[in-house]
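*Asks:* Letter by letter, the chains look like this.
There are 2 protein chains.
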Amino acid sequence: MHAALTIQPLPGIPLVSSGDDLGSLLLDCLAELRLELVDGDILVVAQKIVSKSEGRLVQLDEVTPSPEAVALAAETDKDPRIVELILRESTAVIRKAPGVIIVRNRLGIIGANAGIDQSNIDHGAGECALLLPEDPDQSAARLRDSLQQHTGRSLGVIISDSMNRAWRLGTLGQAIGSSGVRVLDDRRGGRDLFGRELMVTIINRADSIAAAAVLVMGETAEQVPAALVRGFPPDDSRQVARQSLRPASEDLFL
Amino acid sequence: MHAALTIQPLPGIPLVSSGDDLGSLLLDCLAELRLELVDGDILVVAQKIVSKSEGRLVQLDEVTPSPEAVALAAETDKDPRIVELILRESTAVIRKAPGVIIVRNRLGIIGANAGIDQSNIDHGAGECALLLPEDPDQSAARLRDSLQQHTGRSLGVIISDSMNRAWRLGTLGQAIGSSGVRVLDDRRGGRDLFGRELMVTIINRADSIAAAAVLVMGETAEQVPAALVRGFPPDDSRQVARQSLRPASEDLFL
Numbered sequence: 013m014h015a016a017l018t019i020q021p022l023p024g025i026p027l028v029s030s031g032d033d034l035g036s037l038l039l040d041c042l043a044e045l046r047l048e049l050v051d052g053d054i055l056v057v058a059q060k061i062v063s064k065s066e067g068r069l070v071q072l073d074e075v076t077p078s079p080e081a082v083a084l085a086a087e088t089d090k091d092p093r094i095v096e097l098i099l100r101e102s103t104a105v106i107r108k109a110p111g112v113i114i115v116r117n118r119l120g121i122i123g124a125n126a127g128i129d130q131s132n133i134d135h136g137a138g139e140c141a142l143l144l145p146e147d148p149d150q151s152a153a154r155l156r157d158s159l160q161q162h163t164g165r166s167l168g169v170i171i172s173d174s175m176n177r178a179w180r181l182g183t184l185g186q187a188i189g190s191s192g193v194r195v196l197d198d199r200r201g202g203r204d205l206f207g208r209e210l211m212v213t214i215i216n217r218a219d220s221i222a223a224a225a226v227l228v229m230g231e232t233a234e235q236v237p238a239a240l241v242r243g244f245p246p247d248d249s250r251q252v253a254r255q256s257l258r259p260a261s262e263d264l265f266l
Numbered sequence: 013m014h015a016a017l018t019i020q021p022l023p024g025i026p027l028v029s030s031g032d033d034l035g036s037l038l039l040d041c042l043a044e045l046r047l048e049l050v051d052g053d054i055l056v057v058a059q060k061i062v063s064k065s066e067g068r069l070v071q072l073d074e075v076t077p078s079p080e081a082v083a084l085a086a087e088t089d090k091d092p093r094i095v096e097l098i099l100r101e102s103t104a105v106i107r108k109a110p111g112v113i114i115v116r117n118r119l120g121i122i123g124a125n126a127g128i129d130q131s132n133i134d135h136g137a138g139e140c141a142l143l144l145p146e147d148p149d150q151s152a153a154r155l156r157d158s159l160q161q162h163t164g165r166s167l168g169v170i171i172s173d174s175m176n177r178a179w180r181l182g183t184l185g186q187a188i189g190s191s192g193v194r195v196l197d198d199r200r201g202g203r204d205l206f207g208r209e210l211m212v213t214i215i216n217r218a219d220s221i222a223a224a225a226v227l228v229m230g231e232t233a234e235q236v237p238a239a240l241v242r243g244f245p246p247d248d249s250r251q252v253a254r255q256s257l258r259p260a261s262e263d264l265f266l
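Taken in order, these protein sequences are the chains called A and B.
Counting in the numbering used here, the first sequence runs from 13 upward without gaps.
Counting in the numbering used here, the second sequence runs from 13 upward without gaps.
By construction, these hints were calculated from the structure, which means they are not laboratory data.
Hints are not guaranteed to be accurate.
Identical chains share a label here; the pair holds if one copy fits it or two copies do between them.
[Unchecked claim] Once the Cα atoms are required to be at most 20 Å apart in a straight line, the calculated SDA-like pairs of lysine to any residue come out as:
| no. | residue 1 | residue 2 |
| --- | --- | --- |
| 1 | K90 | L264 |
| 2 | K108 | S166 |
| 3 | K90 | Q251 |
| 4 | K108 | D263 |
| 5 | K90 | E262 |
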């Protein structure tokens, strides 16, 4: 592709609560900004507002830590109730250290704390934690359906989360869910400039888009939980973000 | 920031050879595209053309593999001359498997094959391999100086490479060198929407920009080895890409 991309922040979305219709909130926001969606547009939505709309907020005083959680919490210097939630949301602890628990979560995503977060949550009703959506690819598909139905456009949706990485400092946006986006842009089998067959060139388009979008979204009090990415041609890809997961048998860093 | 970002591909840069002045080539390309640089613009340039301009192409028939390289080549099913170059460019082998050598290179970057590449190279004069620039942050600083001198604008420069990652499929663009770009956008100490102190929110801006730019750059015969990222305010940051490296003592995946 030789088209320019634009990454447009979508500020002004109100605080999201359980049961809110994210599609409507996004369309209201776009109307307010006088932005009209066109075919190929990709909406990137922060995991936090998806989780909130799906009621994934947990009251910590309702969480009873298991003995395993209590032990791991002592080892890592964390709140046993948070550790209990991390373990419930995970299938394996990959690494642990003071202040750090890295797991494979039940979705297969490897990262810190199973994506459980305590920031940007109204703790008026006692301490809370926010879990990832039950099935972020499904969440993205539902949101895409809703947006497409209302606009008649061919769209993509990505649900982004900020992730730490091995070896490098600073988080990157990552696609934890998606619909209507070519996730793995496979250029293998093509030829390079001099006709040599390209060996391993699969670009993770969904993660790259999420990384770009998080640049304008911000995580602090800026209240920009979504971005509009424009410039890709419409894509009827059936790929989903889950296909980004490297099979454990092929992973050298577990 | 609430401004939109644009990611503009810069096609039409001719094939680069040792000694070429990348600054001039980029300015010619921008003039051809009728793009005028403004304060805050960030130029993202593919590592390959930086390496080529710096004469980092090595003739494989001039490489004599050491016994260590011969053994590792047999173990990983690779060309012993390429393995010799990988070892010369590295300080530690982190993982090895058939077809895979992951090292810490002499710059501290962890990745496959020390970034050595055989694609998009004119092999007319026999088989060649292309090494990373000697010092990509320095390369970025020189290119930035040249571009700023010619335009009078306050600019940033990122040198990007496509990297594989632990746990996830598909490559992402990554900043292996930079100048004039806030690499680690430290939002710690800020307050979230509800006044809770933000604990760990440092976004890697340089890597995020590189990931975005590679979306429009392409790696195959598309000849788009650079992109223009617009929308950030001018930045007098003295940070460089090398600061993205996580200290080995804090890394759980070595």
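*Asks:* Each hint needs a verdict: does it hold in this structure or not?
*Replies:* Hints, one by one, checked against the model:
For a Cα distance limit of 20 Å, the shortest separation of K90 from L264 across copies, 18 Å, qualifies, whereas the shortest one inside one copy, 28 Å, does not. For a Cα distance limit of 20 Å, the shortest separation of K108 from S166 qualifies neither inside one copy, at 43 Å, nor across copies, at 44 Å. Taking the shortest alpha-carbon separations for K90 and Q251, neither the intra-copy value of 37 Å nor the inter-copy value of 32 Å comes in at or below 20 Å. In this homomeric assembly, K108 and D263 come within 20 Å of each other (Cα to Cα) both inside a single copy, at 19 Å, and across copies, at 11 Å.
Proximity of K90 to E262 under the C-alpha cut-off of 20 Å is restricted to the inter-copy arrangement: shortest distance 18 Å between copies versus 32 Å within a copy.
The structure is inconsistent with the numbered hints 2 and 3, although it conforms to all the rest.
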